[in-house]
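With the sequences and hints as input, model every part of the structure.
Residue numbers (this note's numbering), protein chains in the order written: chain A, 1 to 248; chain B, 249 to 552.
To be clear, the hints were calculated from the coordinates, so they are not data collected in a lab.
This one's a predicted model, so the numbers in the text were calculated from it and none came from an experiment.
Don't be surprised by glycine CBs; every beta carbon is placed ideally from N, CA and C.
Any given hint could turn out to be false.
[Unchecked claim] Label-pair distances were calculated between CB atoms; the ranges are:
no.: 1; chain 1: A; residue 1: 221; chain 2: B; residue 2: 510; range: 23 to 33 Å
no.: 2; chain 1: A; residue 1: 79; chain 2: B; residue 2: 462; range: 47 to 57 Å
no.: 3; chain 1: B; residue 1: 464; chain 2: A; residue 2: 93; range: 18 to 28 Å
[As the list claims (entries may be wrong)] Calculated lysine to any residue pairs in the SDA-like style (CA-CA distance at most 20 Å, straight line):
no.: 4; chain 1: B; residue 1: 431; chain 2: A; residue 2: 84
no.: 5; chain 1: B; residue 1: 400; chain 2: A; residue 2: 98
no.: 6; chain 1: B; residue 1: 386; chain 2: A; residue 2: 103
no.: 7; chain 1: B; residue 1: 280; chain 2: A; residue 2: 1
no.: 8; chain 1: B; residue 1: 421; chain 2: A; residue 2: 16
no.: 9; chain 1: B; residue 1: 400; chain 2: A; residue 2: 184
no.: 10; chain 1: A; residue 1: 101; chain 2: B; residue 2: 390
no.: 11; chain 1: A; residue 1: 12; chain 2: B; residue 2: 419
no.: 12; chain 1: B; residue 1: 486; chain 2: A; residue 2: 1
no.: 13; chain 1: A; residue 1: 101; chain 2: B; residue 2: 400
no.: 14; chain 1: B; residue 1: 431; chain 2: A; residue 2: 184
no.: 15; chain 1: B; residue 1: 398; chain 2: A; residue 2: 102
no.: 16; chain 1: A; residue 1: 12; chain 2: B; residue 2: 416
no.: 17; chain 1: B; residue 1: 486; chain 2: A; residue 2: 2
no.: 18; chain 1: B; residue 1: 461; chain 2: A; residue 2: 86
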Amino acid sequence: MNYNWDWSVFFKSTGIGQETYLDWFISGLGWTIAIAVVAWIVALMLGSLLGVMRTLPNRFISGIATVYVEIFRNVPLLVQLFMWYFLVPDLLPQHLQDWYKQDLNPTTSAYLSVVVCLGLFTAARVCEQVRTGIEALPRGQEAAARAMGFKLPQIYWNVLLPQAYRIIIPPLTSEFLNVFKNSSVASLIGLMELLAQTKQTAEFSANLFEAFTLATLIYFTLNMSLMLLMRLVEKKVAVPGLMSLGGK
Amino acid sequence: MRIVPQLLSAAIAAALISTPVFAAELTGTLKKIKESGTITLGHRDSSIPFSYIADASGKPVGYSHDIQLAIVEGLKKQLDMPDLKVKYNLVTSQTRIPLVQNGTVDVECGSTTNNAERAQQVDFSVGIFEIGTRLLSKAGSEYKDFADLKGKNVVTTAGTTSERILKAMNADKQMGMNVISAKDHGEAFQMLESGRAVAFMMDDALLAGEMAKAKKPTDWAVTGTPQSYEIYGCMVRKGDADFKKAVDDAIVATYKSGDITKIYDKWFQSPIPPKGLNLGFPMSKELKELIANPTDKPAPDVKI
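If you want it as C-alpha cells, here you go:
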C-alpha cells in the first residue's frame with residue numbers, strides 16, 4: 001500500500017498555539033477518564049439500587065426496575081446519547097433551556113449529557129449483575145438473617161450485598177472496562193475525548209494509521225491496567241472459604 | 249429518440265478521428281482500469297451540492313460528481329474503452345485517504361481540500377472548486393463577522409480547517425470562543441438552529457448547501473470575511489503520474505470547452521435535488537481565476 005509512515009507526527013506542532021498532537025492525545029485521555037469514572041460511579045450506585053429492587057418481594061417495586069432495565073438495555077447507546085443531548089434539553093422550561101444552551105459552556109453540557117447517558121445505560125447492566133449476585137446466594141442466608149431478627153435493609157446491607165458483590169467482581173470488571181470503551185461515543189457530540197482527538201489528529205495530519213495505532217495502544221494499556229487493578233481488589237476482598245460456601 | 253442517431257454519429261466520428269495511441273506500456277491505475285474494465289469512483293453521501301446521495305438509487309449526484317463523470321468520459325476516449333464500467337464506493341472524511349491509497353478507490357471527487365499534509369499521502373488533481381471559510385448566522389442578528397463572536401458559542405465540523413482556524417483565533421487573539429466540533433455538517437447546522445451556537449463556520453459553498461436544507465432558508469445568512477481560501481481537488485494514488493495526467497487533462501478540457509459553467513449553473517444556480525432548492529450561489533472571482541489558470545497546488549495561505 002502506498003502509505004507514507006511518519007511516527008514523529010505526534011511531536012509535530014498542530015498549528016494552534018504551542019500544542020503538539022501528543023498534547024491532544026493527553027488531553028483526550030484526561031476527558032475519557034473523567035467521563036468513565038463519573039459515569040461508573042453513577043452506574044454502580046443506581047445499578048445496585050435497581051438490582052436490589054429487582055430481588056424484593058414487592059411486585060410493583062421489582063416491576064419498576066425490570067421496566068428500567070428493558071428500556072435502557074434495548075435502545076442503542078448512540079440513540080440514547082442523541083436523546084440526552086438534543087431532545088431532553090428542549091423539554092426544559094424556556095429560561096432554563098436558554099441558560100443550558102447559551103450560557104453554559106458547550107463542553108460542560110456535552111459532558112453532562114454523556115455522563116448521564118453512559119451512567120444510566122450502564123446502570124441497567126450493573127443492575128442485572130447485582131440481581132444475579134444476590135440470587136446466586138443460598139436462600140438460607142436470608143432466612144438465617146431474618147431468624148436473627150435483622151430488618152430487610154439490614155439483611156441486604158450486612159448479609160446479602162457484601163457476599164453478592166464479591167461474587168460479581170469479574171463481570172463488574174468487564175462493565176467497568178466497557179464504560180471506558182463506550183465513552184468514545186462522546187466524540188460524536190463534540191466532546192474532545194480520546195477518540196475525537198484521534199480522529200482530529202488523523203484529519204489534520206493525514207497520518208491516519210499512526211493516530212489510530214496510538215489510540216489503540218492507549219485504550220489497551222488503560223484497560224489492561226484497570227483489569228489488573230480489579231484482580232488485586234478481588235484478591236484483597238476475598239473471604240477465605242466464602243466463595244465455596246456461596247457457590248454450593 | 250432523436251438523441252440516438254446523434255450519439256451514434258458522434259461515436260463514429262470519434263472512432264474515425266481518434267486512433268488510440270499507446271505511446272508507452274500502460275502502468276499503474278490506467279493498466280488496472282484497462283485490464284479490469286472497471287473504474288471505482290469514491291463519493292460522499294452528504295456534501296451538498298458537491299457529492300451526495302439524493303434518492304433511493306444510492307448513486308451520487310453533484311458538482312464534483314459531474315466532474316468525476318467527465319474524467320470517466322476522458323478515460324474512455326484515452327483507453328479506447330467505450331464500455332468502461334463505473335463502480336461506486338462511498339467514502340467518509342476518515343476513510344477517503346486510506347481507500348485511495350490501498351487501491352479500493354481510483355479517483356475521489358467530493359469536497360476534499362488540497363493541503364500539504366494530505367499531499368504527503370495522495371496526489372491531487374488540478375483544483376475543481378475554491379471556497380472561502382465564512383460564517384452562517386441568523387439573518388439580521390448582531391453576529392456578522394468574526395469580531396462579533398468574542399466569548400460566544402461557535403459551531404464547526406470536526407476535522408475541518410475551520411476548526412483549526414477557530415482554535416488558532418482563540419490561541420492567538422484571545423477570542424475566548426467556545427468551539428463546538430460537530431460530527432458532520434448536518435449536525436453542526438442543527439446546533440446552530442437549536443440555539444446552541446450563534447454561528448457556524450465552514451466552507452461558504454457548504455454553508456449555502458446547509459442553508460438550503462433549513463426549515464426556513466431565508467432565516468439564515470452567509471456572512472463574515474473569508475478567513476482562508478481552499479482549493480478542492482480530486483484525489484488519486486500518489487506517484488501515478490500517467491493517471492494523474494489523464495485526470496487533469498479531462499478536468500482542464502471541461503474548463504476549456506466551457507462545460508464547467510454549465511455544471512456550475514446546474515448545481516449552484518438552479519434547483520437541485522432532493523428538495524428542488526436553488527442555492528443561488530454565484531461563481532466567486534477565486535473560482536473564475538482557478539478555472540482560467542488551473543493548478544494542482546493548495547490555495548496560498550492568507551494572513552488573517
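Status of the hints after comparison with the structure:
At roughly 56 Å, the beta-carbon separation of residue 221/A and residue 510/B lies outside the given 23 to 33 Å, and the hint is violated. Remark: the range hint 47 to 57 Å for residue 79/A to residue 462/B is contradicted by a beta-carbon distance near 24 Å. In this structure the supplied range 18 to 28 Å holds for residue 464/B paired with residue 93/A, their Cβ-Cβ distance being about 25 Å. The hinted pair formed by residue 431/B and residue 84/A meets the criterion: a straight-line CA distance of about 16 Å does not exceed 20 Å.
A distance of roughly 14 Å separates the Cα atoms of residue 400/B and residue 98/A; the hinted pair therefore holds under the 20 Å criterion. As the CA atoms of residue 386/B and residue 103/A are separated by approximately 18 Å, the hinted pair is consistent with the 20 Å bound. Restraint check for residue 280/B and residue 1/A: satisfied, since their Cα atoms lie roughly 15 Å apart, inside the 20 Å limit. For the suggested pair residue 421/B and residue 16/A, the alpha carbons sit about 11 Å apart, so the restraint of at most 20 Å is met.
A threshold of 20 Å between alpha carbons decides the hint, and for residue 400/B with residue 184/A the separation of about 26 Å lies outside it, so the pair is violated. Between residue 101/A and residue 390/B the CA atoms are separated by roughly 18 Å; this keeps the pair inside 20 Å, and the hint holds. Using a Cα cut-off of 20 Å, the hinted pair residue 12/A and residue 419/B holds, with the two alpha carbons roughly 17 Å apart. The hinted pair formed by residue 486/B and residue 1/A meets the criterion: a straight-line CA distance of about 10 Å does not exceed 20 Å.
Distance hint between residue 101/A and residue 400/B is fulfilled; the C-alpha atoms sit about 11 Å from each other, no more than 20 Å. For the hint pairing residue 431/B with residue 184/A, the CA-to-CA distance comes to about 13 Å; that is within 20 Å, so the pair holds. A distance of roughly 14 Å separates the Cα atoms of residue 398/B and residue 102/A; the hinted pair therefore holds under the 20 Å criterion. A threshold of 20 Å between alpha carbons decides the hint, and for residue 12/A with residue 416/B the separation of about 16 Å falls inside it, so the pair holds.
Between residue 486/B and residue 2/A, the direct Cα distance comes to roughly 7 Å. Compliance with the 20 Å bound is thereby established for this hinted pair. Note on residue 461/B and residue 86/A: the hinted pairing holds, with a Cα-Cα distance of about 19 Å set against a maximum of 20 Å.
Hint check: violations occur at hints 1, 2, 9; the rest are consistent with the structure.
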